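Keeping their order, the protein sequence lines are chains A and B. Quick note, the first sequence lines up with residues 2 to 440 if you use our numbering. Quick note, the second sequence lines up with residues 7 to 143 if you use our numbering.
Think of the hints as simulated: they come from the structure by calculation, not from any bench.
Okay, the calculated bits of chain B under chain A, using three or more residues with CB under 8 Å as the criterion:
1) 9 to 18
2) 97 to 108
3) 116 to 129
Just so it is clear, the structure is predicted and the values come from calculations on it, not from any experiment. We treat Cβ as the ideally placed atom computed from N, Cα and C, and that holds for glycine.
These are the residues of each chain, in order.
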Amino acid sequence: MKLTPEILLLKFAQLALLVALFAGGVAALQYLNPNFIPALGFQKLRPIHVTFATAWIIGSAVSIVWIVLKNEFKIKIKDSKLELFIPYLFVITGVVIFIHYLVGKFGGREYWEFPPYMSLGIFATWIFFLIVFVGKLRQIKTQWPVYLWMWLTGVIFFFITFAEANFWIIDYFRNDIIKDITIQWKSQGALVGSWNMLVYGISMFLSEKISGNKKVSRNNIAFASFILGFTNLLLGWAHHIYIVPCPMWIRMLSYAISMTELILIAKIIKDAFTASNSKNVSKHTYLHEQIYYYAERWIKYNLFLAVLISVPAINIYTHGTHVTVAHAMGSTIGINTFILLAAIAYLTGKKPLTRNSKIVAQGVHVSLLIFWLALIGAGVTRGLMAENGGYTFYEISEAIKNYIWVFIGSGLVLFLFLSVLILKNIGIAKSITYENSMD
Amino acid sequence: MIELPQKRLIYIALILLFIPYSYNIYFYPSKDNQLLKKPESINGKLVFQSYNCIACHQIYGLGGYIGPDITNAYSNKGPDYISMVLKNGLGKMPKLNVTDKEIKELVAFLEDVDKTGISPYTHAEINWNGTVKPQEK
Chain A
2 MKLTPEILLL KFAQLALLVA LFAGGVAALQ YLNPNFIPAL GFQKLRPIHV
52 TFATAWIIGS AVSIVWIVLK NEFKIKIKDS KLELFIPYLF VITGVVIFIH
102 YLVGKFGGRE YWEFPPYMSL GIFATWIFFL IVFVGKLRQI KTQWPVYLWM
152 WLTGVIFFFI TFAEANFWII DYFRNDIIKD ITIQWKSQGA LVGSWNMLVY
202 GISMFLSEKI SGNKKVSRNN IAFASFILGF TNLLLGWAHH IYIVPCPMWI
252 RMLSYAISMT ELILIAKIIK DAFTASNSKN VSKHTYLHEQ IYYYAERWIK
302 YNLFLAVLIS VPAINIYTHG THVTVAHAMG STIGINTFIL LAAIAYLTGK
352 KPLTRNSKIV AQGVHVSLLI FWLALIGAGV TRGLMAENGG YTFYEISEAI
402 KNYIWVFIGS GLVLFLFLSV LILKNIGIAK SITYENSMD
Chain B
7 MIELPQKRLI YIALILLFIP YSYNIYFYPS KDNQLLKKPE SINGKLVFQS
57 YNCIACHQIY GLGGYIGPDI TNAYSNKGPD YISMVLKNGL GKMPKLNVTD
107 KEIKELVAFL EDVDKTGISP YTHAEINWNG TVKPQEK
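Chain A with its partners taken away, still in its complex shape (with noise of 0.2 Å):
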């Protein structure tokens, strides 16, 4: 067996995820006490835990969708050098935006906070990929499932609103204060929107492995979740910028195609009142199961958070708050990261559900949910406050100072259980091997 393309990329990204962790562990405790360790301040260690965060979903979804098209659709895999690029690209390019961060140099924009000229490694590493997706994607003769076009629109997406998170180094951007939130905001919600394509690509792929029943990945309601996905990629990410003074009918129509989420809900109500799908946890047999199984949780918990929040008349009391980073790590940790280890698990060779391993993912899901409420509680009490007016940053700090110890303290419990997971559960990827293997 030899150390793959695909394999290697997500061996990466599985170690962005444990940098992610650890920075994201020190950045809670600089958050309680700045001088901790003062060469490595708070403005350094988030774009650390941001940017590698965001390196782990991205490059395990592609490495997964990568996997399963050589798997699944039984197509030539004989590898191109081409493909090896993209997992050396992948590294070198976060290896370099690491030193930025530490010797403290920042393009400063939220998120990706690396400065402009280290956007070429990743439109180069993506770049490689598209040309080795769509050579894959032309060999598959049958009928697409919908998971390949989630897939074939979040790569396609991610290459468009990558382009406009970098709009800003053109002046006529950069010196219109408020277009340039506008626009930085539309591509940072479409971009997550494009991440969540692959992500929810593989998920309906588990979902169609796990229940052994293709039709939830080809039927006209599969289709119509992807449409309705597509919809909110495009038009409804406004609702991050409902208070900035853009004009009205972007924020309104966002506003409106927010609401068709509501279809969502109203999907979740019906089926908890008839059979659910899902297995019961108690009858998990895999650990894949098991994960993907919180994750479908995550979906529905964090589902109604985004609709609430995407009201604007609640919007106003959670915007700007830590509500905003509830949802946040509800998406990325509850959501993405729960389906990704899911289906590396599942990929990997299928792990069967142990007392330990199932502990450890109870663990990780029990401290989530804590340091989930603990933020919510922050945010509504402190969005309250400011909404109200008259009270100080400092006293509103000091209101919401015991929801920020449950916050850290769940989120140190979360880091170690997820790391667990990762390490000694689910492993660091190794090697595969392909059912059409031609080694």
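Mind docking chain B on chain A? Use the hints.
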């Protein structure tokens, strides 16, 4: 069952819709109070980014939460207070060794940001449909 040609049509229609939608966002007419015109404030924005201030602070509620929202710091606290904090640090805000020139540029940038609007809203008026009456400077 939706057939492949219909699926393609829906997909392409959405992508075609995205083009004029994005164009209208890129090129809507700018308001005068939203433009950076003075060289100090134009540089100030770059200084703001080079120190990664957004990791801890917010503009219009967007950014990190370890420090306060600074959209209206200029009118709420004044240029002298901002300069003092930038020079010496305060509370969780570290001393960043910002030069005097950079402090002037950052203050000029924050003055221009302040003119654009209000964040956070206080005592907001809520409409029947769940929208909020915009608050303006």
